[in-house]
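If you read the protein sequences in the order shown, they are chains B and G. Counting in the numbering used here, the first sequence runs from 1 upward without gaps. Counting in the numbering used here, the second sequence runs from 1 upward without gaps.
Be a bit skeptical, because a hint or two may be false.
No more than 20 Å apart at the CA atoms, straight line, and that leaves these computed lysine to aspartate or glutamate pairs for EDC-like [as the list claims (entries may be wrong)]:
no., chain 1, residue 1, chain 2, residue 2
1, B, Lys13, B, Glu185
2, B, Lys257, B, Glu70
3, G, Lys133, B, Asp58
4, G, Lys133, B, Glu50
5, G, Lys133, B, Asp47
6, B, Lys257, G, Asp157
Since the hints were made in silico from the structure, they are not lab data.
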Amino acid sequence: MADPKTLPGASGKRYLLGRLFIWTLLLAAAVLYLGPIYVVLSTSLKDLAEIRAGALLDLPHELNFTAWREAWSSACIGVRCEGLRPYFLNSVIMSVPSVVISTLIGALSGYALSLFRFRGANIIFALMLFGCFIPFQIVILPMAQTLGFLGIANSITGLIVVHTIYGISFTTLFFRNYYVSVPQELVRAATMDGAGFFRIFWHIMLPLSVPIIVVSVIWQFTQVWNEFLFGASFTSGGAQPVTVALNNLINSTTSVKQYNVDMAAALIAAAPTLVVYIIAGRFFVRGLTAGAVKG
Amino acid sequence: MSNPQQRKQMSVLDRLQRYLPQLVVGPPFLLIVFFVYGFIAWTGFISLTNSRMLPTFDFQGIQQYVRLLAMDRWNVAFHNLLIFGSLYILFAITIGCVLAVLLDQRIRAEGALRTIYLYPMAISFIVTGTAWKWILNPSLGIESYMQQLGWESFQFDWIVNRDMAIYVVVLAAVWQASGFVMALFLSALRTVMRTLSARLIWMAPAPPASTSASSCRPCDPCFSRLSSFSRTCPLRALTLWWR
Chain B
1 MADPKTLPGA
11 SGKRYLLGRL
21 FIWTLLLAAA
31 VLYLGPIYVV
41 LSTSLKDLAE
51 IRAGALLDLP
61 HELNFTAWRE
71 AWSSACIGVR
81 CEGLRPYFLN
91 SVIMSVPSVV
101 ISTLIGALSG
111 YALSLFRFRG
121 ANIIFALMLF
131 GCFIPFQIVI
141 LPMAQTLGFL
151 GIANSITGLI
161 VVHTIYGISF
171 TTLFFRNYYV
181 SVPQELVRAA
191 TMDGAGFFRI
201 FWHIMLPLSV
211 PIIVVSVIWQ
221 FTQVWNEFLF
231 GASFTSGGAQ
241 PVTVALNNLI
251 NSTTSVKQYN
261 VDMAAALIAA
271 APTLVVYIIA
281 GRFFVRGLTA
291 GAVKG
Chain G
1 MSNPQQRKQM
11 SVLDRLQRYL
21 PQLVVGPPFL
31 LIVFFVYGFI
41 AWTGFISLTN
51 SRMLPTFDFQ
61 GIQQYVRLLA
71 MDRWNVAFHN
81 LLIFGSLYIL
91 FAITIGCVLA
101 VLLDQRIRAE
111 GALRTIYLYP
121 MAISFIVTGT
131 AWKWILNPSL
141 GIESYMQQLG
151 WESFQFDWIV
161 NRDMAIYVVV
171 LAAVWQASGF
181 VMALFLSALR
191 TVMRTLSARL
201 IWMAPAPPAS
211 TSASSCRPCD
221 PCFSRLSSFS
231 RTCPLRALTL
241 WWR
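Model the full structure from these sequences, guided by the hints.
Pasting the structure below:
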């Protein structure tokens with residue numbers, strides 16, 4: 001690249017005007033993207049009287065965490081008044097095994113599909129990839145029947161099974177595309193030295209795969225945590241994940257609308273994935289672009 | 001090794017070893033075949049029967065589709081989907097593309113801005129919906145705020161207006177996804193730029209004495225032999241213009 005200072009128009013009025021224009025637009029966009037989270041956060045820290053006074057964009061008069069406490073442990077969702085906590089725990093119990101199992105399966109099948117090009121490996125990969133494209137509405141009905149048949153309907157176990165299965169397509173995609181750039185000579189040399197399939201996987205491939213494992217874990221965690229359709233369709237009452245509980249809390253019409261509690265609950269439900277994004281955003285973006293077939 | 005019995009055992013193990021990749025891919029592949037392809041076929045089959053709460057195998061042809069198409073709710077939903085789909089794609093792509101082009105201008109705070117634009121992708125759409133529902137609440141949200149500021153006639157009550165509510169859904173969805181479009185465009189721009197500069201080094205003709213290579217304007221004839229450039233010229237031209 002040429003040094004920008006030597007490009008025509010790099011100095012002088014026009015350049016400065018251009019920079020000003022760019023920065024104005026970029027900062028305006030940043031304000032628009034940050035606006036909602038600011039409103040939600042400040043509302044969650046206000047008391048109801050302050051909210052009713054209207055000033056949506058004003059900072060709260062004082063930091064008041066009552067709404068947070070209520071959203072976490074005493075807000076009423078349906079007939080239970082235990083706040084989001086039990087549902088939050090449901091989501092944790094649901095996402096940890098789904099993420100671990102689907103990542104492990106994806107790593108193994110991606111490894112087998114990329115470094116052992118047996119006949120039909122590419123066709124099998126293409127067929128498995130199709131699972132990334134489907135809208136999940138198309139499998140809801142048979143899945144409900146199957147879960148009932150297996151005796152795990154309306155349970156967290158059922159959701160773990162569902163999320164694991166529909167995660168395999170993505171994790172296989174991640175690992176297969178990562179291992180495809182590993183030279184096959186590496187595997188041949190290791191085989192020559194007497195290492196078997198699993199030994200090569202465990203001692204050579206896995207240590208090489210840390211970045212893609214992080215991508216896969218973050219992607220799966222975000223997907224499973226934020227998922228709503230399966231949770232709403234296959235569970236009710238005590239087995240619901242946090243997204244469904246949040247929706248029920250927001251749409252409950254029984255008592256006086258407590259907007260601050262709603263907003264605190266929304267932030268609690270969003271917190272885990274937001275934290276992951278802030279800590280490991282780079283890997284999250286890699287997963288997004290690799291899995292760009294589905295938003 | 002010399003024992004023939006041993007050699008035979010080895011070959012069974014060898015064969016197992018040889019088919020290990022297939023054996024490992026098999027179970028997840030079968031899971032996908034059953035839970036994706038099988039279930040789609042199952043759903044398709046059920047749609048051709050007169051199943052109600054419980055599935056029956058009473059084949060009815062396309063009668064359910066005829067019923068569905070005649071339903072008022074279907075028409076409303078389909079109409080809304082058309083509005084939502086087209087506007088969502090249009091705005092998400094436009095905004096994402098503009099942001100990517102602007103961010104590609106050697107912005108010092110690029111990393112921070114990118115993080116800000118993309119964070120909505122990390123949260124659940126239930127959370128997004130909750131946030132926007134509150135902001136657009138006519139009596140306590142942005143509408144009343146603007147009126148309190150002194151803009152008495154300000155009105156933005158789309159969320160409670162049955163004809164306009166779908167556009168609010170577009171607003172929230174674009175807010176959530178446009179940062180992602182930005183990230184895609186930005187990485188595409190960077191890839192194009194890398195290819196382009198590599199080609200400039202190896203393929204560009206030596207610049208005439210009077211001009212330097214850097215004063216070669218976009219779309220000038222001196223660029224024309226770069227096939228990758230001609231394809232991306234409009235976009236790059238825009239970005240070079242502001243440089």
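Hint check, failures only: Violated hint: only 1; rest satisfied.
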